[in-house]
Every structure is written in C-alpha cells, then in structure tokens.
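Residue numbers (my numbering), protein chains in the order written: chain A, 1 to 700; chain B, 1 to 700.
Because the hints were derived from the structure by calculation, they are not lab data. Keep in mind that a hint or two might mislead.
Here are the simulated lysine-lysine pairs, PhoX-like style, with alpha carbons at most 25 Å apart [as the list claims (entries may be wrong)]: (1) A:32 x B:415; (2) B:141 x B:234; (3) A:141 x B:141.
Residues from chain A that face chain B, not an exhaustive set, calculated with beta carbons under 7 Å [said to hold, decoys possible]: (4) 165; (5) 247; (6) 313; (7) 315; (8) 414; (9) 416; (10) 614; (11) 630; (12) 633; (13) 634.
Covered, in the sense of this in silico footprint (three residues per stretch, anywhere, with C-beta under 8 Å from a C-beta of chain B), are these stretches of chain A [said to hold, decoys possible]: (14) 168-178; (15) 377-385; (16) 427-441; (17) 494-508.
Note that the Cβ used here is the ideal one computed from N, Cα and C, for glycine as well.
2 protein chains.
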Amino acid sequence: MLDPLFRPKGVAIIGASERPLNIGNRILRNLKRYGYTGDIYPVNPKSPEVEGIKAYPSVSEVPGQVDLAHIVIRNSLVPMAMEDCAKKGVKVVIINTAGFKEIGGEGVELEKKVVEIGRKHNIRIFGPNCQGVMNSDPEVKLYANFTFTPLREGAISLLAQSGGVGEILNNRLLELDAGVRMYASNGNACDISIPEILEYMGEDEGTRVIIVHIESLARPGEFMEVARKVARKKPILAMKTGRTEEGAKAVSSHTGMLLKQDIAIRVIFQKCGIIPFTHHEEICRTAMAFASQPLPQGRNVGIITNTGGPAIIATDECVDAGLRMPDLTDATKAALKETLFPEASISNPVDVLATGTPEHYAASIGAMLGDDNINSILLHFVTPFFVDCEAVATAISNVAKDASKPILGVVMTNKENWAGTLEIIRSSGIPAYDFPETAARALAHMTDYSQWRREYAGEKRGTSVEMSLSSIEKARQLVRSCEKGEFIPADAAFQLLEIYKIPVAKYAVAKTGEELLNAAGQIGYPVVLKVDSPEIVHKTDEGALVLGIENDEALREQHRNLASRFSQYNPRFLVQEQLIGGIEVVVGGKAEGDLGHIIMFGLGGIYIEVLRDVAFGLAPLTPLEAHRMLSSIKGRALLDGVRGGEGADVAALAQVILKVSRLVCDLPEIREMDLNPIIAFPPGQGAKVADVRIRKGTRC
Amino acid sequence: MLDPLFRPKGVAIIGASERPLNIGNRILRNLKRYGYTGDIYPVNPKSPEVEGIKAYPSVSEVPGQVDLAHIVIRNSLVPMAMEDCAKKGVKVVIINTAGFKEIGGEGVELEKKVVEIGRKHNIRIFGPNCQGVMNSDPEVKLYANFTFTPLREGAISLLAQSGGVGEILNNRLLELDAGVRMYASNGNACDISIPEILEYMGEDEGTRVIIVHIESLARPGEFMEVARKVARKKPILAMKTGRTEEGAKAVSSHTGMLLKQDIAIRVIFQKCGIIPFTHHEEICRTAMAFASQPLPQGRNVGIITNTGGPAIIATDECVDAGLRMPDLTDATKAALKETLFPEASISNPVDVLATGTPEHYAASIGAMLGDDNINSILLHFVTPFFVDCEAVATAISNVAKDASKPILGVVMTNKENWAGTLEIIRSSGIPAYDFPETAARALAHMTDYSQWRREYAGEKRGTSVEMSLSSIEKARQLVRSCEKGEFIPADAAFQLLEIYKIPVAKYAVAKTGEELLNAAGQIGYPVVLKVDSPEIVHKTDEGALVLGIENDEALREQHRNLASRFSQYNPRFLVQEQLIGGIEVVVGGKAEGDLGHIIMFGLGGIYIEVLRDVAFGLAPLTPLEAHRMLSSIKGRALLDGVRGGEGADVAALAQVILKVSRLVCDLPEIREMDLNPIIAFPPGQGAKVADVRIRKGTRC
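Take the sequences, apply the hints, and build the full model.
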C-alpha cells in the first residue's frame, strides 16, 4: 500500500533550504503553495525556520507524525538520514538526491546500502535520483516534487520513467485544461517499482485513466501481471520510447539498461490491453476523452458538422482507424429533414450548414443519441460570427450532458474571442479538440479499448488446449532424455509434437540405405530425405535436404550422395512424406526472460524473410488471440484464398498455434522452437508440420 | 497576374451593410481593422455612409480607382452588379454570395452567365460561394475576407479549397505565432483557379513556403505544371482530404465532384516534390520550420538536450523518418569534453545535463555548426527552475542567429512562467516546438525536400529513352492498323514492345497445329502455348494457357485440347519460349485524363494481388524516378537478392520502366498496358516480357 507516499500524514524535507535555486527549497514551496493538507516539517540543522515554517535539526526531533520524508542532501549523507528516519518511524522516503546507481561504481554500492537500511527498518524508498510524486485529491493536495507544472485536479494519473517526459506530459495536460490526479516519476526505482505504483493508481477511485511512460522494463513479467489487472478496470495509455536501435542506444547511455525489448513490449501491451502511443499530443488528447466520456459500445460513428472540409478529414481518419460510418436510420433522417435547413445534409456526416442554429445542433445530437446505428458522436463546430455561438454551445451542452454515448467535440475557433463558447462546451464534460483528426483518433482508441475489454477481458485466461498430466510428463521425460546438445534430434522433436497432437508429415529415422527404403515404402513416394544432425541447422542452405524423391532407386542414390557429403558427421537420416500443394506457414516460440514465451506466426519463405510479415503473441495464448494473430498479418488474403488459391485451414492453424503455446508453457526449458515450414491445406483439410527445430536451455 | 486581387488599388464592397451579422459588414470591418492601405468604398443604395465610411449607390459612381470589388448581395442580383463593375473598370470581383453551381440546376446556369459577363468585360472572378483573400504585406494589409482569424505578418502563404480547413490552418498558425503572408480560399473557382493562385504565391517574394489544401483537382495537369515550377523554388506543403472511399463520398456530397484521384494525387505530389500531409498540426509545424530556417544539406542530425527522455523520443522519430544520427567528430568531442560537465554525454545526442549552463549550450551548438558530420540541429531545452533560463536562451540565440544549418528548438516549459525565455528563442528565428517528435518530423520533411530539390529539380525532365521519328511513326501505324477491338492482338502488342526495344520472350503466332510445331522448333522447347483472342483477357484464370510443353507430341495434344475448348472464338495461338528461373515482376501504364499516364511497377503474383506492394510514377519518368520506383516497394530485398535468391537485373528493369513511359507518351491513345509477367533474371542477365496486354482508346 502506497498511502504513506501519496496520502501522507506529515511530510519532512531533509535538506530544506532558504536558497531559491535549491531543490529542498523548491519542494517546500510547492508543498505550501498547492495547499498540502498535512503538516510540513523542514529539517535543517542550521536554521530554526525555513520559508516561515519551524525547522528541526533532525527528522527524529519532529514532534508530529511523519509518513513521508524527502531526502535532498548530498548522496554520502543519505544513509545517515535514513537511520534518522528509522528512529522517527518514517514510512516512506523520496530520495531526490542523485549520485547512485546511475553513476556506476561507488554509486551502485551506496544504493545497495540505502536499500539495506530501508529493508532493515521497514522504510519504503521512492527513487533515488528522481522527481517525486503529486496527488491532487482535495483531501491531500500533495506536491512532493520539485517540478514546475502547477497542480490542477483531474482524473488522469501519470507515471513516467523519464522525469523530462513526465513533465512534458503533465504540462501539456494542464495546457489542455485536463488536469492530473496523481503523478509519479521514480528515477532509479531501487525499491518502489513501476508495477507497484501502477497497481496503486489502478485502485485509486479518482483515477479514470492512467498514462505510463516506459523506457525499459526491469521485470516485465511483474509489470504485465499488474497491467492486465488494471487495464480491465481502466484504460492504460502507454508511451514506450527508445523503439529504434539508435533510440535504445540513447536509453542505454541514459539509464544504463539496454534490452532488445521492442517486440516483448509490444506483445505485453497487446496482451494487457494497454494502448500504445508514440506522440505526446495524441496520448494527452486521448486521455482527455477517456477521462470524461463513457466508452462506445460499438464501432459506428456519427459525425455532425457545420462546415464540410473538416468533416471529410474526420471521416478519412475514422475509416483509416477502422471505425465505421454507417448510414442513419430512416427515422433519424426523417427527424433531421423536418428540423434542419432544406440544403443541410441529413446523411452521415450530417452538415447543419454554417448558419445552423442551436435547435439544429440539439436535434442532430439527440437524433444520433437515439439512433441504434450510432455508438459515438464526433461533433464539429466552427464558430461563425453570424451565429449566436454561445447559444449553440448551450444547446449542445444541454442535450449532451449525461449522454450514454461518448461525444467528442471539435471546436474550431479563435480561443480568445470565443472563450465563453469553449467554456460552456467544456463545462458539459465534452472534450474540445482543435482538429477533427485528433478527436477521431482519440475516439478510435476508445473504441478499440472498449472492444478489447468486451472481447478479451472477460475471456478465460490460459491456453484452451487440454493435456493429460501423463502426456505432459511423457513430454518432459522426452526432452530431458535428449543428449546435452543444444538442439533436440529431429525424431524426438517430431515425437514431442505428436504428444501435443500437432499433425506432422509422416516420417521415419534411419541410418542405412535399407532402413530408408523400408521406411519410404511405408510412407509412400514421393518422399523428402534430410540429414539429421545437430550440426546442421539450416538444412536447405547447406544442401542437406532433397525434395521430390519418386522411387527406391532415386532414394538410394540421394542417400549415397548425402552420406558421402556429410560423412564427417556420421549422420542419421530422416525420410518424410512429401507434402503436395498447400501454403507454407511458420509458427515459432521463443523464451523471453521472466515474460515466458513469445509465439510467432507468419507466412513462410519470402513473406518472413523479405517482408517480415509476422504476428506475435505471448503464451499462454487464448483462442481469440491466436485468431487475431492469424488475421493480423498483411498477407492474410492468402490464407482466405485469393485469385486461383483455395486458402488455408485457418482453424487448424489456430490449433497449431495454441498447442505450441501450451507446449512451451509446459516445457519452459525449451528456449526456442520453429515449426518451419508448416503446410496449410485448404479449409477442412488441416495442416501438417514439415520441419521442426527445437533448442533447449543449456541447463537441460 | 493577380495583383488586382492581392494588391488592389481600391476595394469596393457591393452589399456593404451596417448589420453586424452580415457578411458585407464583416468584410468592411476587417478591411478597416487590419489597416488596408488603399481606399475602401462601401456600395449601398440605401445609406450615404456605412461604418463611418462614405457609401455609394452603385460601384460605377465611386470616384477613385477600384481594382477589386466584393459582391455579397443576393445571387440573382450578381449579374447586374457585374455589369456595374464593368462600367467602373473593376479588374477582379470576389463573389462571396452562394447559390451557384453548388446548388445545381439554375445555380449552374447563373454561374455560367456570370462567367460570360466576366469574360466579355475582362473582369476576373474569384469564387463564387467563397471566403476571399488576405495579404499581410505591410504595403497592402488586405483582409478581403469575412473570417475571424486576425491578420499577422508572416512568410507562410495558405491556399485552401475548403474554407473551413483554411480557417483552421490560419487560426493555428496564428496560435503558433507563425503568421501568414497570403491567404486564399476560392470556393467554386469558376474563373481564378488554384494553379493560378499557386503560381502567384510562388512568385511572391514575401512567401517562403506555401500550404495548399485540396479536396479534388479539376484540371490535374495544369496544377502539376505550375506546382513543379513553384516547388523547385519554394516548398509546397499539401493536405489532400477525402483519401478514403468514405471521405471521398463526403467530398462528393460537399462539392459535387467524385474522382478516384487518390493515386493520381499521390503521384502528382511525388513528381512535383510536393510534401504530403494528413494532419493540420504537422503541416503548420513544418511550415514554421521552412519559414525561418535554411535547408539542411544532408540527412545527418545532431541532437542537444538537457534531459534524457525527450532526446530519446527525438532519436526514435528521426531514425523512423530516415534521418541519420552520426557520431560526432573527435574534434567536436574533444571540444565538448573540455567545456561541459564531466558527467555530460558528449556523443550524439549530447546531454549537457539539467544543470547545463549558457556556455554549455553555446559550445554544443557551436561545435555542431562546425562539425562536417552534422547537417542540422535539434535543440532541446527543458527549463529548470535552478538555471537562469533567459541567459541560456540568449546564449542559444547569439550562436544560432544566421547559422547556415537549420536549428529547430524544443522548449519544454510552462509558457506563462517562462514567456521571456520563449520570446528570446523565437526572436532569434528558431522555431520553438513543444514536443521532440514534432520538431523531428518537421526537420525530416525539410531534409527530404532539400534532397529532392538537389536530386530531382536539377534533373533533365522527360524520358531518357531515345527513339527515332521513324520508329515512333512505325509504332503509331501499328496501333492504328489494329482492328477496332478494345485490346490489341498479342503479336501486334509484342511487335510494339520490340519497336521500343523492350526485350520479350521469343514468340510466334500460328493458327494450325503444323504452324505451331514449326514455330516451336525455331523457338526451342520447352514452350508455352496461349490462346490469343481478344475475348480472353485473363488467360490463366480461364485455362487458356499451358506451361512447360516439352516436345512436339505434347504441343500437338495441348493445341487440340485448347482448340476444341475455345472453338467458339475460332482463336489463333501464341507459342512462346518458356522462361526458366528469374523473378516475376509487373510494369503497367494507365491513362489518367489530362495528367498523362501513370506508370506502375510491382513484384508479380501474390505481391500485387495480396500485398498491393506497388510503386507509381507519372510519365514521362526520369531515370531517377524509375530507380526510386524500383527501390520503394516493400519487397525490394527480393530484387537485391535474399537468402538463396540471386536477385534481379535492376538496371534492365529500370530500362523497361523508362521505355514503357516513353511508349505511352508517344502513343497517348493507349489507355492501359500491362507487361505481366516480366521475368527478371539475375544482375547482368536482363529481363524479358512473358505476356503483355494493351487496351486502346475507343477512338482508335
């Protein structure tokens, strides 16, 4: 529980100062200026008073309760201050001071020492090398931070790894009149972590939406655990920066962490229903909508305008984002025809014309609120000088207040001359945007989130593939029985797939020519012949694979050939049913630290190698997630069947994906597996794995 | 010459009014308020004076010179007012009044009549159904418009088809302190056209950059002609709206024009070097940079910051946009190491730290201005309360003023409390952005434009393919000689390609089995057999094509087969060399109204059909354009050669593209042609056309 941090009874500032350019002064003044409702205790051994407040030589001498203490003194003095805090019974410290892990060497040692002291005395630590926290709850009014953005009440909470980015976001939300509920930027995060703060914000009733900025995740699994829980209750909007290689390098030199996390972060966001952003403006504008409007219950948007051009832009943007612009019902049209000017457009987008009256706006919004075809409304209003704009705003406000569908406003105006109009619209809770595209994108994010919550959040977690305990045990023993090599031999790999009922091409392993001929006889020609050796990983590239062997004679010849070429490995051979027709696809799994396994799906060959057309998901996958992976690749039309092609058995592929997900969950010692290629036959005809490669962890 | 419109000597308002909600009143007040330097003549038969200015019963009775007259009276009275203008010698009228072409029926007739009157009396018409124009040139100060955005001097000119979009852009530029040079929104555009205004703005010395908003182009060829000329001198930033089908529908119901122009507009923009945008904010922010900063002479960016997080975002954005983040030279690093704090980062991005001083900023900028590795600078400054920010701003300003490399500033601050700091930076001409990503994108656009201007603008226009007049004549006769059918027969089509020296697979046309055998004998097996009939367009789909015929016997059998299956057409046959290996690609050309032909290139089969991975260009193509088409497809790695593949003879493909471009320019009666597939062999081995389909215009 982080109440002592965000709702402290009493705050001490160890290092409070009269010097105005000093952080200890700034925090003290911020606490005072924004009306912190608890007691403030400057700690300064040299002054009896700081900024007009009685000061104490040590925190242990403060008379009242001190839940939270800022430490802003020199880094080497921090351990001593911590000991003082322990004596006083302080529950949390914010160590603003820098000079810890981020400078390496002795800083690392110092940070360890501080963490130890905290553990010993049960003091939680926020920071070090950090900004601090804020809480605009009127009961608290806490500005425990040295930054400059004024505190204004709002429903958006902000959690930023980079203090700079946090400050930009906070400042922008203020400019947009949106306000902030809680703010936290925890620097080195030696104790109180991002997931912990996220969980706390998730439970805070005054927070309707959370913005998170992430540069790198120390423990992604922990983050995911919390984020999934929170995102089901309220939207999490996240900025991940350092997404390019050069950006990651900049993060590295900034935070000392370099992780190839981009795909991992993407799948985590996806799995948790976190909405990803790259731009400050878009994340702030979207948060505004979430903070004040209900979620849309479907993808259908109604647009109202009094000027054509911007409505066209809104339409473009909605359609690009996958929203729909349905026609209005006849009843709605009839109602509009009766009320609006004869030249007005009564289809979607509805154009009430520049001369549109308050009644016209009210009627249009009312009609769309009552139209079952419409789930959300984008309301455009350019303020003509020849219209009573405040009357229009009042009419909008009256009909829109407490609407059960989200309404986002685009008010195109000179903000000084029409300040009254803007104020009326804003006071109704409708967020007012400058541009149609910004409102449309915010609405698209709300719609996607709402759909995710309906579809996924209710869905049972965990893979849907049923496995008996004995089968799992069999699989485990099979993997363990394999020699120490990095890669599992081909026949064991195929057996493993068979235990999980993943269909594979008929195969047999043999050493001699005679054994091969027998096996081919049972499998039936044509067959494929492969060298099975752990030394040969890319069989095609190394010429260790022959396709389309039609008869005994050819098989004998190819065997001789390969046996002599690869004699140095003294290899075994795999003879396999040659799969005819179908579409090549690939399914893979890869362990990613404490996250578990990332599952990959893509079309085979050139699609992966040239176009990188692949979809990722995080195990354990649900059936919905597997289907979303299948449908999210760019070449999906190939699976559905295009000119001349019959398409693929998508249901069978979904099963393969789900079974691979289950397999790697049951056998976490598998570091990497690739089913490549899988041949997918037309719908109803299944799919078969033609080749598989499984790499174990070294401890296995 | 549009001087009488943008720099009129004397403006009359026919329909000037005292009523404040009247357009005639608003225009009069705007002209007065913003200090129009010429004379203003209200025309109103009922009042001797309007808004304190002497009024006249008719424009013909005005004593002084009237270059420009606004007409804001009822639509039916406009022709009479035009006649009055003729008597007076008015040179241009702005018809603000609506009720013309846009309402259909009698409105169309009325507009025609007005155009006739204008022609007869040599009066140019702006509008009708339009806003008007503005010109902030201090010599003119013309606000001939009824909108609300105040006039502020600037170097950005604005030309908008939609008045609503124009107003939003104008308003936003004002909010950004950027100001506007000229503004025009010409509604129905019955006479003075978008290209004409664009040309005028291009010639205006006070205009450094032009923003254009387009919903649909009436005469794209004319627009292109002008835009190419202008874009070589100054950047044109364009928003095309109505890019989705739904958006185009909305344009249609708005303007009565529905054109499938999206690809056409894209290639026009590309060809002219017009920079395309979809968002208001981005176009305005980019214009700001162009308006004040020199063009970067290369793609290398240097980033300076005093806070890590935002610099990471800038890095991500630069790299995503194709800019480079080079390392600094050792000399630069050494200079920085000497000046900056020891903990500062002296690689790119340079981090002077939050405590960075004015000297640190000055040294960093100076070093990058002198570093040949760096072409442009992104300067980040979050305003810490413990730093003298105005001193930092002054230092930046001093070193950056008159720099020969562009410097874009990201100033992250509370705009009220640090207004002085912002003002110092702005007054140095450095545009100040709120977010790193916005500045980075603006810089990327500048860099792309600058590169385009260096590479393309100097290049000789026109195709580089040389053709003798006699060959062209031969080609023309060949096309004319073809029967009236829509499609040219296969042999004629191949002959046409041969005239243009486009390499084709060996072929022959035959009717009987014996003729086929002879032909195949000369070509050499294996061969392909195709039914050649204008009725059969998609040969593969209809089973009118057999591949891999190995000998006489097989050819005879397949011929019998096809002859009987397609007997209703009494077809001829095409026998062709079967091309072995290589990569399938497609080149096409399609006539697009007065634009000429759009040329298309793509990888064959699934790449086009499933992935729509194609590039477009406008004939006549230059070699650079052809190469850009080849390299801009997503599957370009396939052409370069990927795992196991040898790649394609890209030079040969560029020749095919250029020759097709030349061919359709010489033979504009060709409406559409498809070379599909072309087999591209490995580098140095050329490419051959395997099939071609040519559709003529009906008049041929």
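Cross-check of the supplied hints:
1. Proposed proximity of residue 32 of chain A and residue 415 of chain B is supported: the alpha carbons are some 22 Å apart, at most 25 Å.
2. With a C-alpha separation of about 23 Å, the suggested pair residue 141 of chain B and residue 234 of chain B falls inside the 25 Å cut-off, and the hint holds.
3. With a CA separation close to 51 Å, the supplied pair residue 141 of chain A and residue 141 of chain B exceeds the 25 Å bound.
4. For residue 165 of chain A, the interface hint holds, since its Cβ comes within 7 Å of a Cβ in chain B; the closest pair sits about 4 Å apart.
5. The beta carbon of residue 247 of chain A is positioned within 7 Å of a beta carbon in chain B (closest approach about 4 Å), and the interface hint is therefore held.
6. The closest approach between the C-beta of residue 313 of chain A and any C-beta of chain B is roughly 5 Å, which is under the 7 Å cut-off, so the hint is satisfied.
7. Restraint check, residue 315 of chain A versus chain B: the minimum CB separation of about 4 Å is within 7 Å; hint holds.
8. Annotation: residue 414 of chain A was flagged as interfacial toward chain B, and the flag holds, the nearest CB pair being 5 Å apart, inside 7 Å.
9. With a cut of 7 Å, the hint placing residue 416 of chain A at the interface with chain B is violated, because the nearest CB-to-CB distance is about 9 Å.
10. A hinted interface residue such as residue 614 of chain A counts as satisfied when its beta carbon comes closer than 7 Å to some beta carbon of chain B; here the least separation is about 14 Å, so the hint is violated.
11. Annotation: interface hint on residue 630 of chain A violated; nearest CB of chain B at approximately 15 Å, more than 7 Å.
12. With 7 Å as the threshold, the beta carbon of residue 633 of chain A stays out of range of chain B, its nearest partner Cβ sitting at about 10 Å, so the hint is violated.
13. Annotation: interface hint on residue 634 of chain A holds; nearest CB of chain B at approximately 6 Å, less than 7 Å.
14. Counting residues of the region 168-178 of chain A whose CB falls under 8 Å from any CB of chain B gives 5; the rule of at least 3 is met.
15. With 3 residues bearing a CB less than 8 Å from a CB of chain B, the region 377-385 of chain A meets the requirement of three and the coverage assertion stands.
16. Given a C-beta distance limit of less than 8 Å, the hint that chain B covers the region 427-441 of chain A holds, as 4 residues qualify and 3 suffice.
17. Counting residues of the region 494-508 of chain A whose CB falls under 8 Å from any CB of chain B gives 0; the rule of at least 3 is not met.
Hint violations for this structure: numbers 3, 9, 10, 11, 12, 17, all remaining hints satisfied.
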